[in-house]
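Participant: For this one, chain A is given, so just place chains B, C and D on it according to the hints.
Protein chains: 4
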Amino acid sequence: MIQFQCDYSEGAHPRILERLVRTNLEQTVGYGEDPYCEAAREAVRKACGREDVDVHFLVGGTQANATVISSVLKPYQGVICAHTGHINVHETGAIEHSGHKVLAIEAQDGLLSAEAVRAAVVAHYEEDGPEHTVQPGMVYISFSSEVGTVYSKSQLQALNEVCREFGLPLFIDGARMGYGLASEGCDVTLQDIVSYADVFYLGGTKQGALFGEAVVIVNDALKKDFRYFIKQNGGMLAKGRLLGIQFLTLFEDGLYFELSRHAVEQAMRIRHVFKERGYSFLVDSPSNQQFPILDNQTLHRLSEKFRFSIWQKVDDGHTAVRFCTSWATKPEAVDALEAML
Amino acid sequence: MIQFQCDYSEGAHPRILERLVRTNLEQTVGYGEDPYCEAAREAVRKACGREDVDVHFLVGGTQANATVISSVLKPYQGVICAHTGHINVHETGAIEHSGHKVLAIEAQDGLLSAEAVRAAVVAHYEEDGPEHTVQPGMVYISFSSEVGTVYSKSQLQALNEVCREFGLPLFIDGARMGYGLASEGCDVTLQDIVSYADVFYLGGTKQGALFGEAVVIVNDALKKDFRYFIKQNGGMLAKGRLLGIQFLTLFEDGLYFELSRHAVEQAMRIRHVFKERGYSFLVDSPSNQQFPILDNQTLHRLSEKFRFSIWQKVDDGHTAVRFCTSWATKPEAVDALEAML
Amino acid sequence: MIQFQCDYSEGAHPRILERLVRTNLEQTVGYGEDPYCEAAREAVRKACGREDVDVHFLVGGTQANATVISSVLKPYQGVICAHTGHINVHETGAIEHSGHKVLAIEAQDGLLSAEAVRAAVVAHYEEDGPEHTVQPGMVYISFSSEVGTVYSKSQLQALNEVCREFGLPLFIDGARMGYGLASEGCDVTLQDIVSYADVFYLGGTKQGALFGEAVVIVNDALKKDFRYFIKQNGGMLAKGRLLGIQFLTLFEDGLYFELSRHAVEQAMRIRHVFKERGYSFLVDSPSNQQFPILDNQTLHRLSEKFRFSIWQKVDDGHTAVRFCTSWATKPEAVDALEAML
Amino acid sequence: MIQFQCDYSEGAHPRILERLVRTNLEQTVGYGEDPYCEAAREAVRKACGREDVDVHFLVGGTQANATVISSVLKPYQGVICAHTGHINVHETGAIEHSGHKVLAIEAQDGLLSAEAVRAAVVAHYEEDGPEHTVQPGMVYISFSSEVGTVYSKSQLQALNEVCREFGLPLFIDGARMGYGLASEGCDVTLQDIVSYADVFYLGGTKQGALFGEAVVIVNDALKKDFRYFIKQNGGMLAKGRLLGIQFLTLFEDGLYFELSRHAVEQAMRIRHVFKERGYSFLVDSPSNQQFPILDNQTLHRLSEKFRFSIWQKVDDGHTAVRFCTSWATKPEAVDALEAML
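Residue numbers (the working numbering), protein chains in the order written: chain A, 1 to 341; chain B, 342 to 682; chain C, 683 to 1023; chain D, 1024 to 1364.
FYI, nobody ran anything at the bench for these hints, they're computed from the structure. Where a beta carbon is used, it is the ideal one built from N, C-alpha and C, also for glycine. Heads up, none of these hints are tricks.
In silico EDC-like pairs for lysine to aspartate or glutamate, Cα to Cα no more than 20 Å straight-line:
hint, chain 1, residue 1, chain 2, residue 2
1, D, 1328, D, 1318
2, D, 1247, D, 1075
3, A, 224, C, 808
4, B, 646, C, 708
5, D, 1069, D, 1056
6, C, 995, D, 1149
7, B, 415, D, 1248
8, A, 330, D, 1049
Residues of chain D clear of chain C, computed beta-carbon distances all greater than 12 Å:
hint, residue
9, 1024
10, 1141
11, 1148
12, 1208
13, 1307
14, 1324
15, 1328
16, 1355
17, 1356
So that you can see chain A by itself, here it is in the shape it has in the complex:
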């Protein structure tokens, strides 16, 4: 069986493993204060083009989302996000568990619009007695989104502006940041992310690392005491250097971006394969997740050789599925898919 089911089927890029092996018996202090973490923070800062951002390494995405969001919000505030946002649907209520309502807004193709944010915030303050409802306290978006789509630079700018106008920090979930930045037609750079977001993260888990997410705090007001938040939320890895070594390897010479481009290339091949055979798509995605709509027969036939996700029933005869590529996807796997189709 060939896996297109998700982007975390394999371990890590070999260079990461080699370095873990090479450094294994070195003795370092714990909790992210070792030299590897320091070097990795520098490498991330350099990639961001900003020396003054804070960089913290956490283990996983749900943890990163809950830790960041609960560090930003006041107890009576909620976080605005697309109804398809990962925090709204796929984290077992981790945000609510931290005491905050997810203010989900209907969104097209996984993308939250500046207009929708504005409308929600204005509506809150127009209430007769706004203190009876949850106050919008920040905005969460994913780049790339949960359905593979990617914000344009002007969309990000508009979100940034509405956030600034209302004093709402903008948080970008970058579990698939690399895949988003490498996506077809993308006009956004990592430097743009830095200038539009107040806080974001660069996902490692789905992008070549064994695990790990690099949280980048841009807004000074959000930097204070963040290590307390990490520790309290169970996200402070004792052997923090494992994270340092991984992110150093990914960022010191551009491996992160290289791997991202590879994944998107393979995804574009998959898109092409389906498109030229006349399949339609649930959503038009330029990044590493593709959502072709399959008739039952094709679905059944492909299932014999490939693993992919059943996403959404379209009608009795058709189902939207997800094919996911990653840094580890072999071109031969796509060849095989093409051959079968």
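Facilitator: Coordinates of chains B, C and D only, in the frame set by chain A:
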């Protein structure tokens, strides 16, 4: 100005105040363990037709909702409710503050259907990896609902059945229970409520008391240590007898139901007044809240003499408003409204 | 049986009840935005000698403590208090329930010293990795304390100074503020409280009201959006005017202080009665709570006619008990106690 | 510099790394449902001598503690532990953050006694109004303890009995379980742990793995829906197999115990080295943490070549320090220490 804005504009029914005055200098133990609370619990049990229910008196509705819900749910569970449910929209995220997601479902006219509940629960367990999403842990409905509508006996029975099938306690917010039971055409009795709900409350604040909600726990599994929950959530009134005296007065000889009937009668008069003049309604309510749709001119004219709530803009020329009656509404107030129309 | 068990055995001062009766059928807006609340806020501000403080009315003490503390602290911070502090021992973990550790410090006679606070804070920051422990975020004291003792002006000043030095808001639980200020030998005024505390409350429940605590926020940084906190924590009374009417009556012409003096006078009589008969005391209290140590025989004999609290076993033959007076204590009750001894 | 500062200075045992490298490009499903996790669960069950326990792999200790404890307690309950317990002092209030009070009890040498537990529970229920205080809901101990000490079999049995009597689950934090079981004079086996605990974990982070703790749930009542808890608390590793591979390697043929014995052997050598030179110890530890008391001069001299923890000032001239060994401690490191002394 004559107030139709809400059902908590005045103090309490005079008989309650008289009794508070009469008993004022008696010395009793605190925290709801005095003889008045005991007698009130007995009176509520008698009205419910069940000797084996637990009765606790809390101060307010948001407090009652948050305390009951957080006593029922496990940390990873959420509460299913209509998207219009009070806990979803008007309690500043008190439920999320206690760590639980509100699983809001689109509902018609404020009423949650058994089918919608079933669909939501089934969908959860059909997920590939249900532990990645919030588990439905209970169902919340309001009787009467936030827009004045009332479940029929068969609707309640269907909800009860789906809840039983999936092991979900059914909680009925009865902030306006009396007005619901007294509503026009209602085929539900308090005894029915007792037999369909696992836990519910009889609202006092909007129904003739200064304040107070009587939580009735029917399901044995939910009774244990409830006083700890009340205390921890700040709901244990030191002079608990104030609640005892009020609920004793309301329930010892049927005053609660009498006051409810009065409020609904006046509301039906209001409905009639608008209807016979050709006004349409946002929702067809048989209870103490009426939602006529007013043209701008009428809206403006009525505002000079009456206070009522602006509910929802319908179109540029029309707005749905809310007229609320209560135990304290004077027939002369409705006369005045009729006269002005 | 004559009650000396607590200071909330009776209802409210008759003038409060009279006013509730007199205003009962007036129609007002809810949630503390009515004219009575506004007037009461003004009266409290006048008593405080400061026009720029924010005043909010909550229903009870546990609620007030949890609401204020969770409004001040960041998620990773805790509140320093005496190990005997009410929040540490008698509120069912309401503070921890809101996510915060109570940093309890051993304290003599219920009073927290500035030195102890300083030592705790310094110790935290001297840790190797302070982020692994809870950061002290504020200081909580009670005035009068849980064992009737009262801080001197210089003690309060010292606490204020250490709090200022470390940026820790000082919160004074004033459930018995009046009794503390009226205590024998007290050199602290309400104006002093205002100048030393960042936030405090004036207790009503134990001081002549049916219920209610007036939270006074002095520090501008703590004022923002406090109504959201009240609502989310279930403390926003629908008929807020009930609180307004009570506090207006207590503060418009000094009734609060008059009632406090009465209670302390009766307590001093009780102290004298025991002292002149050679009884010793668990703690030397100048306020409305007295803790004589009784031999078993006296304990048994007094129990036949009086209710009081068993506080702490001292040795096999002796027990410390608590006699509590209040605004409602009749001089004849103390006469009866004297007669029996 | 030679590190004796902690037991997580190095990476992982080489056999673990080799296996991670060997399996790196295999494709597996995520979230702990892969074949390696399944095999590791089987290996752990076999080591435990029980087929019916549930085994879950989490990333770190604070996370494991908070997840287990919040899965066991009801909202108004707290966890009893020694005042030196890791959850009480070194996890940034993660337990309180989950809403629960840590009921810390003074304990000798890091060990909680059955008598102290009984006294605390009895005291709670003897209160006049126990619902005003936090209800003890479970007991937490560490094996080995935070200061290296180890419970005897009869002490564990006594704790188990008092827990059973009061219906309190017993949770054993086994971050250093292997080192405890391998400690000098220990009469407890892993099978004993299984029979006395309701839930415990086998630490990997400090015992040869890169990271990871294997939570073992013995008590059926605590098993339900535990994966929801893991996910909600951010502890569900996407590439769960990393945990599976590590624990499989540690447990399939006894490596875990072998590494533990090695660490204790080196610790005993350190103890001997200090003892025979007349140094006294803060606590008499039979496991991998040693707490010699050093005079200032020795402290200074050793600091030039070794890293160890400053634990506690004893007097002006002496300080207790901690020397920690681990699976990775080289005998030559202890030789060097001996040579210098």
